[in-house]
Each structure stands twice: as C-alpha cells, then as structure tokens.
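> Here's the letter readout for the chains.
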Amino acid sequence: MDNFFQGLTLVLQPDVLSVIFLASLYGLVIGALPGLTATMSIALLVPVTFFLDPVPAIAAITATTASAIFAGDIPGALLRIPGTPASAAYTEDAYALTVAGRPEAALGASLIASVAGGVVGVILLMIFAPALARFAVQFSSVEYFWLAVLGLSCAVAVSGDSLLRGAISLLIGLLISTVGIDIATGYPRFTFGSIHLLSGISFIPAMIGIFAVSQVIRAALAGPGEAPPPPSRGLPDLMGTMWRALVRFRLTILRSSLIGNLLGALPGAGADIAAWVAYSLSRLVSRSPGTYGKGSEEGIAAGGAANNSAVAGAWTPALVLGIPGDSITAIAVGVMMMKGITPGPRVFITDGPEVYAIFLGFLLANLLLLPLGFLAIKLARHILSVPQAVLMPVILMFSITGAYAVDNAMFAVGIIAVLGLVAFMMEENRIPFAPAILGIVLGAVVEKNFLITMIKTQGSLAGFFDRPLAAVLGGLTLVVWTLILARSVLRRAPASERTTHD
Amino acid sequence: MTLSPLALALLTLAIGIVVIGHSRGFPLMGGMSYGPAFFPVLIGAGFVLCGLILLGQAVLARGGPGVSAKPRGRRAGLRLMIIPAVILGYAVVSPVAGFLPTTALAALVTALFFGLRPLSALVLAGATAVALFVLFQGALRVPLPVGPLERWLG
Numbered sequence: 001m002d003n004f005f006q007g008l009t010l011v012l013q014p015d016v017l018s019v020i021f022l023a024s025l026y027g028l029v030i031g032a033l034p035g036l037t038a039t040m041s042i043a044l045l046v047p048v049t050f051f052l053d054p055v056p057a058i059a060a061i062t063a064t065t066a067s068a069i070f071a072g073d074i075p076g077a078l079l080r081i082p083g084t085p086a087s088a089a090y091t092e093d094a095y096a097l098t099v100a101g102r103p104e105a106a107l108g109a110s111l112i113a114s115v116a117g118g119v120v121g122v123i124l125l126m127i128f129a130p131a132l133a134r135f136a137v138q139f140s141s142v143e144y145f146w147l148a149v150l151g152l153s154c155a156v157a158v159s160g161d162s163l164l165r166g167a168i169s170l171l172i173g174l175l176i177s178t179v180g181i182d183i184a185t186g187y188p189r190f191t192f193g194s195i196h197l198l199s200g201i202s203f204i205p206a207m208i209g210i211f212a213v214s215q216v217i218r219a220a221l222a223g224p225g226e227a228p229p230p231p232s233r234g235l236p237d238l239m240g241t242m243w244r245a246l247v248r249f250r251l252t253i254l255r256s257s258l259i260g261n262l263l264g265a266l267p268g269a270g271a272d273i274a275a276w277v278a279y280s281l282s283r284l285v286s287r288s289p290g291t292y293g294k295g296s297e298e299g300i301a302a303g304g305a306a307n308n309s310a311v312a313g314a315w316t317p318a319l320v321l322g323i324p325g326d327s328i329t330a331i332a333v334g335v336m337m338m339k340g341i342t343p344g345p346r347v348f349i350t351d352g353p354e355v356y357a358i359f360l361g362f363l364l365a366n367l368l369l370l371p372l373g374f375l376a377i378k379l380a381r382h383i384l385s386v387p388q389a390v391l392m393p394v395i396l397m398f399s400i401t402g403a404y405a406v407d408n409a410m411f412a413v414g415i416i417a418v419l420g421l422v423a424f425m426m427e428e429n430r431i432p433f434a435p436a437i438l439g440i441v442l443g444a445v446v447e448k449n450f451l452i453t454m455i456k457t458q459g460s461l462a463g464f465f466d467r468p469l470a471a472v473l474g475g476l477t478l479v480v481w482t483l484i485l486a487r488s489v490l491r492r493a494p495a496s497e498r499t500t501h502d
Numbered sequence: 001m002t003l004s005p006l007a008l009a010l011l012t013l014a015i016g017i018v019v020i021g022h023s024r025g026f027p028l029m030g031g032m033s034y035g036p037a038f039f040p041v042l043i044g045a046g047f048v049l050c051g052l053i054l055l056g057q058a059v060l061a062r063g064g065p066g067v068s069a070k071p072r073g074r075r076a077g078l079r080l081m082i083i084p085a086v087i088l089g090y091a092v093v094s095p096v097a098g099f100l101p102t103t104a105l106a107a108l109v110t111a112l113f114f115g116l117r118p119l120s121a122l123v124l125a126g127a128t129a130v131a132l133f134v135l136f137q138g139a140l141r142v143p144l145p146v147g148p149l150e151r152w153l154g
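Those sequence lines, one after another, are chains S and W. The first sequence begins at 1 in my numbering and counts up one residue at a time. The second sequence begins at 1 in my numbering and counts up one residue at a time.
Bound-form chain W, shown alone:
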C-alpha cells in the first residue's frame, strides 16, 4: 500500500493539524508556562513541517515521471486485512471460548490462508495451541483466557 507522494504529504500534514488541535485543549498548570500541551504541540508542528516539505516535493515532482505503486494483484486489500482481522477476532472470541480452541482456530485459519494442506494445518494449529499453553500457563504461570475446555482441564 505505497501512498502517492501527495497522499503521504497530506496525511502527514493532517496528523500534525489534528495533534495540535487536540493538544490545545490540554489545561495549563498555574504558574507554569510549559504544560502538558507543550511537547504534543511541538510534535504536531514537526508533522506539519514535514508534511509541508513533502507537499512541496510532491508538487515540484508532478511534471516528472510519477512513482507507480508496486502491483499487488487483485484482492490485495483483502489479503492486507486478514491478519489484523484474525488478531481482532481472537480478542473477541478468546474471552468466551478460552485460550486453546481460539488459538487453534486462529492458527488454522492463518495456516490455510498461507496455503498449508488442511491436515498439516490442523496438526500445526493443535500443536501451536498446546505448546503455547504449556509455555505460558505451565512454565511461566501466566493466566491465559479461560473457557469451558480450560475449566475442564483445571
């Protein structure tokens, strides 16, 4: 997802403006001239400055040959979102279903997506879930999300 020079410039500029705008709402402590807004405003100003330079470069380069984004083929957007979707799905499902089933399912989906054969994917998913459970819950004593299966295991 390579952005065009213009888009990158505008995004940088927008981040700077939003940061400055938001920071102006921070209160100033009595008697101090440098409050909690001081650094965020400085950072926002940095974004604005970088955005303006990028904008200048983008406008100057318009006459020249544009940098074309790498071709990613069809459904690139879908492939880009699959991993974040698996992670967020995990965050929603695991508190209910528990660590072992959710981890196995998420690993299975990912492995199938990467083109592993179904049987191998199933074995890998199960092994990953059990190995992580043994490492974190068993050896490191970290409480992992509990579901029916984990309750049954004790």
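Chain S extracted, bound-state conformation:
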C-alpha cells in the first residue's frame, strides 16, 4: 500500500498532470485523423518523452494511447474511415447510425464504452501485474527465451491473412535487431565499418521511420487529395445518450472489457483483434444479432470497450516480463529502459512507487477521456477538415526533428528515410509491421537468453526443456507453430482444388 500512496504523490504533481492533459489532447487529434494510427502518435511522441522524467514520460504514452484509440472512432462514425485500425470492427455500425441521422448515438456509445473499458482495463492491470510478478520471479533465462519466442510466434500467427508474409516481417525485424555489437562476444555485426551502427539501429528513429515517414511517403505517392467533408449536423443530447448507453449495455461493456484485457495481454494480439473478437462474441450472445453491421449500438459498445481495455492489458506482460504484447507497448518498453525502469518481475520491488504512478496516471487519463472525448466529438468537424497539405509537412518535420533530437546525430535522420521506404515497400506488398516491431525489440532478448542458457547447460539443447515451467512454455510455442502450419495447409487445400476445377 506504501507504493500506492507514493505513486499517488508522484502523479499528483503539476508537471505530471499537465503532461497527461496535453498528451490526451494530442492523442485525440492524431487518433481522430484518418490514416494516422495510435502507434504513430506514440512513435512521434517518444523523442519528447526522452527528455522528461520517468513518470511523466510513461504517463504521456499511456494518456496518448488511451485517447488515440477512442478518437479513432470519430472519423469511423462520421466518414466511414476508421481513424485507427482498432476501430475497424464496428465502423459499419457507427456510420450506419450517422447515415440514419443519429451520429450522437454512435459516438456517445463509443465514448462511454471506451472510458468504461479503459477504467476496467487499468484496474485489471493493477490486480494482475503484481500477481504475475510474484509468479515470474522464479523465471530464469530459459523461461525468458521461451516467452520471447512465444511472443514472436503469436505475432506471426495473428499477423493477418498471409502467415508467410508475417514470417518475412518477423525476419526483417530480427535482422534489424542483430545490427551492432554482438552482446556475447562484442563482435560488430552488419555495421559495414560505420561507427554510428556499432550501437545498433536506434529504436526511436526506427519507429518514426516505420510508422510516420512511411505514411507521409504513401500520401505523397497518392498526390494532392481532398479530404471528404464531414457531415455538418450538430450532436444533440450527447450526454444523455452516453448515460443511457452505459446503463443499457453495462453487461456487454463489462464482458468486452474482460475479454479485451485478456487478449491485450496475450503477446501479439492487441487492441485491433480485441475489438473484433469482442464484437463477434457480443453478436453471438445478443438478443438482436440482426442489427449488427447495420447500426448496432451494442456492437459499438462491445468493440469500443474491448479495444480500450486491451490497451491496458498489453501493459501486463510488458511491465512484468519485459515482453510487449503489441507495437505500442514495444515502444513503451524501450522508453522505460531508457528511463532506468527495467521491466521485469522485480520492477515492483525496484521501482514500486513509479509503477503505481504509471498505473494511476493511466487511470486518470481514462477518466479524463470523458470530458476531453466529449469536447473532441463536439469539435470533430474542425479536426477532420484539416487538409493533408497542412498535416503532412508538419508530421514530416516533427519526425525529422524528433529523430535528430534523440541521438543528436544526422545519422538518425538518414535511418528514418531508409526505414520509411522499407516500411512503405512492406505495406505495398502486404507485409504487416507488427511482427517486425516485436522482432526488433525481442530479437536481442531471444539471442541473449539463448546464449546464457547454452553456457549454463554447456551446449545441451535438452536444457531448454529441463525445468517444468520452461517445458510448458516450450510446449506452448510448439503448439502455436503446429497451429500456424496446420492452418496454412488447411487453407491451401481448398485453394488448389479450386484451381484444378478451373
């Protein structure tokens, strides 16, 4: 309890509170702009957090994520363009309500569900993270090796329609992670004689290149374009709609928050998948499944609660094991390490007050979402009418300045150009980003723990299954890969049948 109150003192500082407020506003604007994802908002924010104290730095990330994930619903409802992929599950429903002349019903349900889902998610995080930490203290290098491998495997398994492309993405990430001085022997790998590459490809410029610059390149290729005009109707009685949605869908919201949190905590899953699963499940148990896809407020509440709860759930493995569940917490793990908070089961002992401050800041950000989200909905028309020609130069210059600021070197600016192009090419060829990001973060974890284990067991591979816990995790990894392979074989069979009949 000491940690809790010390954490509370850390959060209730004027600078921390103002950082949470500003980060929430920033997240709302970026999340509401179509094409700019929550992950991109975090990648652009990191150079700024670099120069803040640990607690406000992490609070900025959690506040931005919470508000950006909600704000993605706004253009989804008004323009049928989900602002972030996490809103895609129920965009049809939200837009159908707007077409029917009831945009306030869509946005009201989504906002109240987001706030409730976020609050439930953080409370679950505060319960589960310390419990998992008590259990995880007994983990050794073998368990960490398997956890990282399991995380990478799940990232490939859920990476979209093509497992092969997910695997290629993972390999790209792992390859990037090997650049620089080898941890075991000190030998410089893939540095090509450059001193800038000795310490590896810096994480922050890499994220900025992959998530921000690639989008500017994409917009440049599309050329000058007009944003579709948002509907100009007002939103009467938003507050009353929200309150009624909360009462009517309380069970849906609670169930979706629990599911979302669990899925968020699984490595590789994240908010997008949580929203889809909660939406589908809610449809299965719904009394009116026919309305789903045609303007179901219940469906919006289910998906909206799940994705915000998943955002909090992803912090459990990131904080306690150092194994991030999604791209956003992958960035957050990097920031925590830079700030001297080492994620791991001992984090509650070494940085107890800071961890509770992070939790409480997260909770506060979700509560703050209620008034700020309300404001954002009211101002949505103005946010959505910002043309690309204004947005893109600002994002580009912010990317360049941010990359330079972190390393204080022009080399980082070169990295964002190169990785921006690489990420653009990946996207063009339907190669997903998420496995690559986890590969960059977890590559070193896998390699380090593999080598430590090999030294401990004197080169015997059997050592990877000796401990019961390691055997379970290793077995799970094998199960995931069996499922991956079985799924791709099953999927190929009907396809080849079709070609022979043609």
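Because the hints were derived from the structure by calculation, they are not lab data. A couple of the hints might just be wrong.
Said to hold, decoys possible - Straight-line alpha carbon distances no greater than 20 Å define the calculated SDA-like cross-link-like pairs of lysine to any residue that follow:
id: 1; chain 1: S; residue 1: K339; chain 2: W; residue 2: L140
id: 2; chain 1: S; residue 1: K448; chain 2: W; residue 2: V41
id: 3; chain 1: S; residue 1: K456; chain 2: W; residue 2: L28
id: 4; chain 1: S; residue 1: K456; chain 2: W; residue 2: Y34
id: 5; chain 1: S; residue 1: K448; chain 2: W; residue 2: F26
id: 6; chain 1: S; residue 1: K339; chain 2: W; residue 2: V142
id: 7; chain 1: S; residue 1: K448; chain 2: W; residue 2: L42
id: 8; chain 1: S; residue 1: K448; chain 2: S; residue 2: Y187
id: 9; chain 1: S; residue 1: K448; chain 2: W; residue 2: L28
id: 10; chain 1: S; residue 1: K456; chain 2: W; residue 2: F38
id: 11; chain 1: S; residue 1: K339; chain 2: W; residue 2: R141
id: 12; chain 1: S; residue 1: K456; chain 2: W; residue 2: G35
id: 13; chain 1: S; residue 1: K448; chain 2: W; residue 2: F38
id: 14; chain 1: S; residue 1: K448; chain 2: W; residue 2: G35
id: 15; chain 1: S; residue 1: K339; chain 2: W; residue 2: A139
id: 16; chain 1: S; residue 1: K448; chain 2: W; residue 2: Y34
id: 17; chain 1: S; residue 1: K448; chain 2: W; residue 2: P27
All figures in this text were calculated on a predicted structure; none of them were measured in a lab.
On the provided structure of chain S, position chain W as indicated by the hints.
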C-alpha cells in the same frame, strides 16, 4: 510499388543469401559452438526458406491470372522519392544552414508538393519551424543544428 510474386520471392531469397554469406565471415569464439554468426545465419536461412516457398507459389500461379500492380499514374517514381529526398536534403543542409531555415525550407517544399497555396505554405513552414524550435530547444533543451540565424538568436 507492389512487386510481382516472382520479384518478391527473388528479393527475399537474395536477402537470405547475402545475410548468410556476410555472417559466415564472423569469427567463432574459442570453445563456444555458438558464436556471433549463429543467429544471423538462422535469420538468413529463414529468409531463404520463405523465398523458396514464395518462389514455388509464384511458379505455380504463373498459369493463373497475374496480380497486376495498382496503377499509380505517371511520375510515380518521382513522387515516391520526394519525401526521402527532402529528409536526406535536410540531413545535408541543416548542419551548415542551421535548424530554422532548413526546417522552414523543407516544410515549404513539402507543403507546395502537397498542393498548398504558396502564401499558406510559407506561413505553415515558418510556423512549423518556430514551433518545433520552441518545443525542442526551448522547452526540452535539446541542442538543434546551429547556423548563422541560431547563433544570432543566441
């Protein structure tokens, strides 16, 4: 720039072969059977495996209808390279010209490219440069590239 299935397969294969070839030059530490080359070779092998599967798929699909790349119109290559060119130009110019002029110029070029009217582009470019300068140099105390203008500002 969507690659054809064959091109994607060959590129993946080539990356794998180059990675393996390069890693074989890494030294093995005395007494250890797993040196710095172990993981890179494993990654390279993964690329080769994925490349071979893609190659197989590409060859099998040759009889079927090919996936045509999205039409991008003329000068797509030029539009693709404009943003990387602006970034690299910034990296070259800013150490000499300083943060404020370079940032304003790069923002101006980008804004004009995206079709903003010249006067609006000028205002946007100036405002972006000043706002980033105030945020990073002023509030966050990050040293930004210094040129004549920044020296004069102190």
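> Among all the numbered hints in the text so far, which are the ones the structure does not match?
Violated hints: none at all, because every hint is consistent with the structure.
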